[in-house]
Amino acid sequence: MNGVRTRLVQASGASGLSLLARMLEQLLLVPVLLAAWSADLFGEWLLIAAIPIYLSLFDLGVVQSGSNELARRAGENDDQAVRSFFRDYTSFFVKWSAAIFVGLAITVTLSPVADWLGLSIIDNAQAGQIFLILIGATLISQNSMALLGGMRARRILPAGLLIRALGAFARLGGAFLAVSLMDAGPVALAAIMLSSRAIEYAVQAALLKRQDLSVSFNPWRKSEESMRPFVISGLEFLLFPLAQAILLQGAIVVAGLTLGSAAVAIFATHRTLARATSQIVRLVAVPLRSESGLMQSKENLPELRAILLSVSRLTFWAALACAGILWFAGKPVFDAWTGEKIAYAPALFAALILATIFETVWSVAASIRLGSNRHRPIAWGYLTISLAALAAMAGLAENGGLEALGWIAAAAELAMLVLTIPVTVALLGVPVRRFMLSLITPPLAELRQLATFLFSRARRTQ
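Here my numbering is used: position 112 in the sequence shown is 114, and no number is missing along the way.
Simulated from the structure, these hints should not be mistaken for laboratory data.
Positions of the beta carbon are idealized from the N, C-alpha and C atoms, including for glycine.
One or more of the hints may lead you astray.
Under the rule of at most 27 Å between Cα atoms (straight-line distance), these lysine-lysine pairs were calculated in the DSS-like manner [as the list claims (entries may be wrong)]: (1) K224 with K211; (2) K333 with K343; (3) K211 with K97; (4) K224 with K97.
Here are the in silico distance ranges between beta carbons for each label pair [to be verified]: (5) I234 with D117: 32 to 42 Å; (6) L439 with I108: 33 to 43 Å; (7) K343 with A190: 16 to 26 Å.
Using the sequences and the hints given, assemble the complete structure.
Dropping the structure here:
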């Protein structure tokens with residue numbers, strides 16, 4: 003394998019560990035909390051925890067656009083420009099996050115959060131505390147993502163992914179000990195989320211300092227160049243988390259408002275288990291996006307084209323295999339996972355699994371555009387499709403139930419696939435028909451090449 007493919011494999015391995023950590027965090031936290039809390043308290047926690055996720059929108063898309071700019075400068079071997087831009091880039095996020103936290107802290111303190119959400123177990127004071135803590139954790143996580151941009155430029159992205167994976171393991175372990183052995187409630191669990199995110203950030207910053215990339219924490223520091231162009235470019239990146247939040251978290255809110263907190267627990271647990279399939283895409287999406295940003299020149303186009311075809315084929319077949327296993331083992335796995343406290347809904351589960359297969363295909367292809375700041379058509383399309391899906395969910399939830407929400411989510415992901423594939427493969431000069439034929443071809447050659455690479459690496463380490 004050449005250098006690019008080697009980095010892809012290494013970053014995919016680190017991404018795989020990070021994926022495993024997040025999956026375990028999502029999957030194992032459910033039985034841990036259900037064993038210690040009632041289903042209603044668990045549902046109320048999910049409602050509160052879902053809302054701070056929207057804070058990821060407040061980075062104005064500059065995390066991704068700035069990371070792409072760092073990759074472009076690194077690809078041109080302009081190290082002075084990389085260091086200068088990184089200081090401005092991270093300083094911008096530190097100041098921005100502090101301002102957001104102060105504004106939201108005042109709002110939450112003065113608001114009857116529990117009353118607004120219709121909570122009956124968690125009162126207004128506790129709900130406010132949970133929100134404040136989770137807001138802090140989310141903002142620190144966003145700053146941590148900015149540091150990953152520096153690691154991408156220094157070609158040490160696997161180290162950053164590993165740090166985030168270890169943080170997820172720490173959160174899971176801390177939650178288990180606190181809830182199971184110390185009878186901790188939602189406020190203590192939120193505090194664990196915050197502390198683990200802070201440690202992740204500190205470790206990443208220390209590692210980057212050793213790579214001659216230092217974070218600036220001085221709020222009065224004058225930037226060497228304006229971040230305005232990257233804010234403008236990044237605003238369309240903002241549409242991706244906005245659209246995903248509308249589609250995923252919006253479904254939870256619709257379920258809670260129309261069907262109650264028990265329905266939220268049913269929908270969220272089925273969706274979490276079904277998305278084990280779509281999580282496969284994260285093995286390669288981040289590394290592929292990283293490399294596409296470093297390979298923007300025309301001479302690299304043939305190699306980038308070949309990499310997209312191979313990666314798309316591998317992830318599609320891996321998603322099919324995972325989806326099949328989940329479907330056939332669905333009920334016993336779900337019952338064991340939830341301790342039979344939540345009813346298994348096969349029609350809902352089937353719809354959500356199908357949605358994740360569609361999502362896998364379009365997400366991998368979209369990485370090419372996302373990694374090179376050419377994301378406009380996909381971004382606006384995603385927002386439009388998500389808004390239409392949310393409107394359909396709101397209109398059909400009361401009569402169609404949770405199954406209607408699941409099938410609408412699947413239709414939205416299919417629409418994204420139909421949009422994304424043509425506009426991406428055209429950018430690389432690949433006909434849609436060729437891409438689809440490549441997609442359905444079993445990835446035997448790629449598996450042999452990967453096995454050979456891993457075997458040679460194992461022999462060298464002996």
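Straight-line alpha-carbon gap K211 to K97, limit 27 Å: Distance of about 20 Å is within 27 Å: holds.
Hinted pair K333 and K343, Cα distance within 27 Å: Roughly 13 Å between the alpha carbons, so the hint for K333 and K343 holds.
Cβ separation of I234 and D117, checked against the hinted range 32 to 42 Å: 39 Å, holds
Pairwise beta carbon distance, L439 to I108, judged against the given window 33 to 43 Å: Violated, since L439 and I108 (Cβ atoms, about 57 Å apart) do not stay within the stated range.
Satisfaction of hint between K211 and K224, Cα-Cα up to 27 Å: Satisfied, since the Cα-Cα distance of roughly 20 Å is no more than 27 Å.
Restraint status (C-alpha distance of K224 to K97 at most 27 Å): Answer holds: K224 to K97 is near 12 Å, not above 27 Å.
Assessment of proposed distance window 16 to 26 Å (beta carbons of K343, A190): Holds, since K343 and A190 (Cβ atoms, about 22 Å apart) stay within the stated range.
Comparing the model with each earlier hint shows a violation of hint 6 alone; every other hint is respected.
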